[in-house]
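Novice: Next come the chains, spelled out residue by residue.
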Amino acid sequence: MAQIFPRWSNRLPLAIAAVVPLLVASLGGALWYWGSPKFTDVGYRPEQPVPFSHKLHAGEMGMDCRYCHNTVEKAAMAAVPPTSTCMNCHANVLPESAKLARIRESAKNDVPVKWVRVHMLPDYAYFNHSVHLSAGVGCSSCHGRIDQMPVVAQAKPLSMGWCLECHRAPEANLRPASEITNMAWDSTTANYRADEDPKRLRKVKDLHPPEHCSGCHR
Amino acid sequence: MTKGSVKNGQPQWRSLSSRTNPDQGSVREFPEGAENLELDGVSRRQFLAIMGASTALAGGLTGCVRKEVEHILPYSRRPEDQADGEARFFATNLYVGGVALGLLVKSQDGRPSKVEGNKEHPSSGGGTNVFAQATVLDLYDPDRSRTALKAGAESTLEEALAAVDAALVGHKDAGQGLAIVIDSKPSPSNRALLASIAKRYAAAQIYTHDNADQANTREGMALVGVASSHPVYDLSVADVVVSLDADFMGTGVDAVRLTRQFAGRRKPEAAKAGEINRLYAIEPAFTVTGATADNRLQVAASQVGTFARLLASKLAASGVTLPAGAEALGGAALQADETLTKWADAVAKDLAGKRGKAVIIVGERQPAWVHGLAHRGPTRSPRIWLPSVASRSSSSASASPPGCMALPTS
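These protein sequence lines are chains F and R, in that order. For the first sequence, the working numbering assigns the number 31 to the initial residue and increments by one for each residue that follows. For the second sequence, the working numbering assigns the number 3 to the initial residue and increments by one for each residue that follows.
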């Protein structure tokens with residue numbers, strides 16, 4: 031009686047044993063790399079309806095972040111400013127600029143400007159700006175060098191692992207209250223010890239950044 | 003298709019139409035060929051297959067593409083002190099049946115989201131009732147009228163005001179044929195405006211319309227000489243409370259405050275001091291108040307008034323003066339069964355010792371004369387006929403508009 035399987039099929043289990051783990055590993059590796067927020071989210075730089083340049087306003091002119099994002103110290107959300115904030119200056123500065131047509135239209139007709147959200151935290155993750163500021167985490171720790179961005183892009187992954195890295199050991203990202211909005215602050219060269227700062231309102235040992243699930247997923 | 007069948011000599015039918023029209027025979031529930039329905043060249047089975055595949059693809063693949071673009075639409079002119087995303091609380095009142103309930107409404111970015119009681123308002127003390135909680139749903143009710151209606155069709159407020167203007171301004175007569183329907187808000191400004199309308203249009207008719215209006219209560223008080231008022235009870239000083247079909251702790255209009263006051267006298271410490279209150283409930287149905295009562299008697303709704311008459315006669319016999327006309331209330335000769343009489347005896351005995359520290363509350367659904375019987379009458383002197391001193395009436399001295407049902411006062 032003839033053999034059903036040819037001779038080469040004897041090597042098939044060996045080939046499967048060699049190839050399948052390789053496939054699984056490369057699939058995992060591909061997901062790990064291309065599926066990570068470090069790849070998918072960092073660098074997200076949508077076009078905005080008005081070409082507002084943080085590089086010009088915050089960088090070259092040195093405006094304080096809190097002039098526009100004025101609720102950041104007292105509310106969970108760092109509010110995107112109302113059109114009237116723009117018009118405080120632009121009623122007189124460049125009142126005819128074509129780039130500002132949308133702003134003037136918004137102010138005149140009382141309709142909002144439809145900005146595109148850059149930092150998209152999922153709805154199931156709670157984040158509070160004011161708490162982080164009062165703890166001594168600066169703007170640039172999460173948003174990067176906004177003062178050097180003509181168009182705002184996401185600088186950090188904002189992933190859960192990235193959040194937890196800091197929540198587990200926040201000391202390196204803490205700075206004095208006076209430097210919160212300082213974009214150029216560099217913790218590696220600043221030589222600042224948060225736990226030895228007598229002027230800190232919240233002592234480092236009292237911060238207790240939550241590491242449990244319901245700290246953020248609440 | 004089968005003709006209406008006949009079984010045991012009786013014609014059988016499957017639907018009302020086949021019964022009224024037996025010659026038509028039975029009508030099929032589904033049209034012929036429904037199982038092979040084909041639309042636009044796609045059969046039902048094919049359609050389900052395509053739908054299933056596209057749902058699976060949509061669910062499986064959307065996780066792999068970039069997140070949707072989100073937008074931020076800030077105010078063009080932000081209200082002062084508004085922090086986007088932060089809740090703000092507004093103090094307000096809810097009027098139900100002429101009683102104001104103090105509320106705090108949580109508002110998120112201009113959208114009211116939760117109603118709670120206002121701790122600093124005496125009618126609430128931090129509590130709310132079902133009516134207050136339901137107002138949030140009411141606000142977002144898609145059936146809620148958002149604009150003025152004209153003969154059932156949508157119109158604008160400006161048009162409506164113009165139409166009212168055209169109808170009223172220059173009207174030289176006294177307002178014959180003019181009727182105004184308004185809810186029973188206990189607002190002095192409202193009342194003053196209505197009074198000025200009534201003055202200008204003497205023949206106009208002004209009606210209050212309110213699901214929770216205390217019409218019977220007002221009418222009953224008018225019977226004993228107190229016009230345009232409803233009683234406001236203070237249970238914090240009441241040692242004995244008698245509820246005559248009054249669910250003052252459940253669905254009553256002032257339930258939040260009354261429950262709080264009643265519960266304030268139900269403390270174990272008060273029991274030690276001999277100051278705990280006592281509640282009698284005489285009612286035709288189960289209520290929260292009845293469940294809380296120390297003594298509850300279930301009687302027919304028509305017997306509640308009989309009980310009130312029995313009680314009044316027992317109290318009169320023990321030396322309490324009834325207001326003028328009170329004895330005639332209730333009409334025909336008093337007939338009561340043994341249980342009612344026994345109860346009236348017991349309650350009257352309890353009340354007699356608590357003069358000035360007892361309240362008799364009558365439910366709104368009881369007829370006016372029962373309310374009249376339970377009220378102490380127009381006197382404000384210490385000589386009070388029924389021991390409902392804790393009830394104080396507030397009468398509106400200002401003349402009610404003619405032809406107007408009495409507007410409630412708070």
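Derived by calculation from the structure, the hints in this document are not laboratory data. It is possible that some hints are incorrect.
Below, a sample of chain R positions facing chain F; criterion: calculated Cβ distance under 10 angstroms [to be verified]: (1) Gly87; (2) Glu88; (3) Ala224; (4) Asp296.
Quantities reported herein were computed from a predicted structural model and do not represent experimental measurements. Glycine is no exception: its CB is placed at the ideal position from the N, C-alpha and C atoms.
Novice: Taking 10 angstroms as the limit, does the beta-carbon of Gly87 (chain R) come near enough to a beta-carbon in chain F?
Specialist: holds (4 angstroms)
Novice: Per the CB criterion, is Glu88 (chain R) less than 10 angstroms away from chain F?
Specialist: holds (5 angstroms)
Novice: Should the interface hint for Ala224 (chain R) be scored as holding, given a Cβ-Cβ cut-off of 10 angstroms against chain F?
Specialist: With Cβ-Cβ at 53 angstroms, over 10 angstroms, it is violated.
Novice: Measuring from the C-beta of Asp296 (chain R) to each C-beta in chain F, is the shortest one below 10 angstroms?
Specialist: Violated, about 45 angstroms.
When held up to the earlier numbered hints, the structure conflicts with 3 and 4 and fits the remainder.
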